[in-house]
Amino acid sequence: MSELFRQITKNKHAYLFLIPTFLFLGVFCYYPPISAMIHAFFRWDGVGDGVFVGLKNFRELLTDDEFFIRSCLNVFILLVFNVLKTITVPFLVAELIHWLWSGRARYAYRLLFIVPMVAPGIVLVLLWKFIYDTHIGPLNQFLVMVGLEKLAMPWLASTKIAIYSLAAMGFPWAGGIGVLIYLAGLQNIPADIFDAARVDGAGWVRRMLKLDFPLVISQVRVLTVMTVLGTIQGFETVLVMTRGGPAFSTLVPGLHMYHQAFKYGRFGYATAIGVLMFLGVLFFTYANLKLLRSRE
Amino acid sequence: MLVRKLIPEIGRHAALIVLGFLTVVPFLLMLNISLKSNAQFYTEFWALSRPIHWENIVRAWNIISSYILNSVIVSGTTVIGVLIMASLSAYAFARFRFPGREILFFMVIALLMIPGILTLVPLYSLVQHLPLFGGNNILGQGGHGLLNSRWGLILPYMAGGQIILIFILRNFFEGIPQSLFDAARVDGASEWRVFWMLVVPLSVPILITVGLMNVLGTWNDYVWPLVVLRNPELRTLPVGLAFLQGEYEIKYGQIMAGYAIGCVPLLVLFVFTMKYFLRGLMFGAVKG
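Chains A and B supply the protein sequences, listed in that same order.
Position 22, counted from 1, in the first sequence is what our numbering calls 22; the numbers after and before it change by one each time, with no gaps.
Position 117, counted from 1, in the second sequence is what our numbering calls 117; the numbers after and before it change by one each time, with no gaps.
Treat the hints with caution; some may be incorrect.
Computed footprint of chain B on chain A, listed as stretches where at least three residues anywhere in the stretch have a Cβ under 8 Å from a Cβ of chain B [said to hold, decoys possible]:
id : stretch
1  : 116-122
2  : 268-274
Over 10 Å on every C-beta distance to chain B, these chain A residues come out as not near it, computed from the model [stated by the list, open to error]:
id : residue
3  : 69
4  : 84
5  : 149
6  : 159
7  : 186
8  : 215
9  : 293
If you are wondering where the hints come from, they were derived from the structure by calculation, not from laboratory data.
A virtual CB, placed ideally from N, CA and C, is assigned to each residue, including glycine.
Chain A on its own, in the form it takes in the complex (with noise of 0.2 Å):
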């Protein structure tokens, strides 16, 4: 006992240094998520302590809440639309960078792609936002000017497209930080693969997908966590784009949750959306692990 007295006098200044990590931590990071846990079986508004309800909340959101499931549906939409814009575009234009002969050419169009990412998020939501206008929107001012005005549509104010609208926005795509993770997977690849595949033979297509994709591997796999953990959770967009509308056919399980919470003071409701949504999200951190063992 006294040993231990010894090492912990002895150190006494790395507990010190931890002091204020774990005050904060311990007011605003272990705190909030037990709280969600016990109150997700709470009527509560937030304030006080709540009426337990026991599983109500969660019978009532798989069985009884059509918002809830609608949520689910699209957002499984907007998950594999944005997993093949990541694995998709990112990757050719990685590609084609990557193979330019001069290096300059590669610097400069590495550039051209970052600068969407150095404006902020907000900015890039809100003029796609814009671009989506039904009437004032350069889309379907484009459309209208190059005589496709058939194929002008209220692109956010459908029920039936609004949804793929969202899907699609950030066309085509190839800004962001998976060119820049694709780049530096194809960076680290020994320049003697590429030789013996030229010695192949091989014409650029067979070569980008049968040798370079799986090369990149653990980059598309790295981006592709991302988008599915960002996904389920993210509902900043549709917020700022259509608060889920027209009639719910946009709403996502993020966005159901701030709506009871900060719209209808339904604090334990919206808690047990959380803790689904954390299920879930869980539930794909293991499956990947998983899959990533069974492979290596």
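Since chain A is already given, all that's left is putting chain B on it; use the hints.
Only chain B this time, still in chain A's reference frame:
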């Protein structure tokens, strides 16, 4: 032979120029419209209009500048606090062998598994009912807590932001050669001195990188300031930009000028710290 090689190269350039152009089109539109009057906006949408309405920029600046200042205060205070706390903790974890080290470190890292979506609602309630803050009594009742104040952003940002930084900085600090520490100890330097005079100076590049990563996160955050701040004067840049449309009758030139000005601070930061900025971006993305 040369032609056979030249054609794919030209093809690559062509494809990149098309994709690159489409990628920046929204920003080109923004810049073009930002200098138009409403009449020009409606009649000559695509053209570069004359006369140029520079006053859009001035008017937009008058509105946006206070949001930028708010964001600078919030992100600036946060990153200073985060860097101090995270580097101290990371140093403790990296360089001391103290009882409870593993379990405490695990308790920090485990928080990376807690998604923001789980904590958003209870964190709001906590911030509102934080005992003894913002007119609250010891039970957290009676006042508004940290709601509608910058501290309601800064304190949770500081708490949550340090987690990933502790992880990254600990790895870095562990890589500092032991011989340097031994030399300092022989010189009789205290723990504080070792930290400030040895560890911090050696870590400037990584501190800039993770600092930028932290700034990018808080600077771009939209939902938390949206729910915490009621007073429009406290709005951070993203919230201010999102509410621009409602501030006056719709003047597209001014709105776009506002968006353009909103891009400037990060652009300036990027130009001055390009290498660190990109690394910070990558770190920030991968932590997800």
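Hints, verified against the model:
Coverage of a stretch by a chain is defined here by at least three residues with a beta carbon nearer than 8 Å to that chain's beta carbons; for the stretch 116-122 of chain A and chain B the count is 7, and the condition holds. Coverage of the stretch 268-274 of chain A by chain B holds [criterion: at least 3 residues with CB-CB distance below 8 Å; count 3]. The Cβ of residue 69 of chain A sits about 18 Å from the closest Cβ of chain B, beyond the 10 Å cut-off, so the non-interface label holds. Distance to chain B confirms residue 84 of chain A as a non-interface residue, since its nearest Cβ pair spans about 16 Å, more than 10 Å.
Annotated as non-interface, residue 149 of chain A keeps its C-beta farther than 10 Å from every C-beta of chain B; the closest such distance is 15 Å. For residue 159 of chain A, the condition that its CB be more than 10 Å from all CB atoms of chain B holds, with the nearest at approximately 23 Å. Distance check on residue 186 of chain A: its Cβ is at least 14 Å (rounded) from any Cβ of chain B, clearing the 10 Å threshold; non-interface status holds. At the 10 Å boundary, the C-beta of residue 215 of chain A stays outside the reach of chain B, the nearest C-beta of that chain being 19 Å off.
For residue 293 of chain A, the condition that its CB be more than 10 Å from all CB atoms of chain B holds, with the nearest at approximately 17 Å.
This entry satisfies every hint, going by the numbered hints stated previously.
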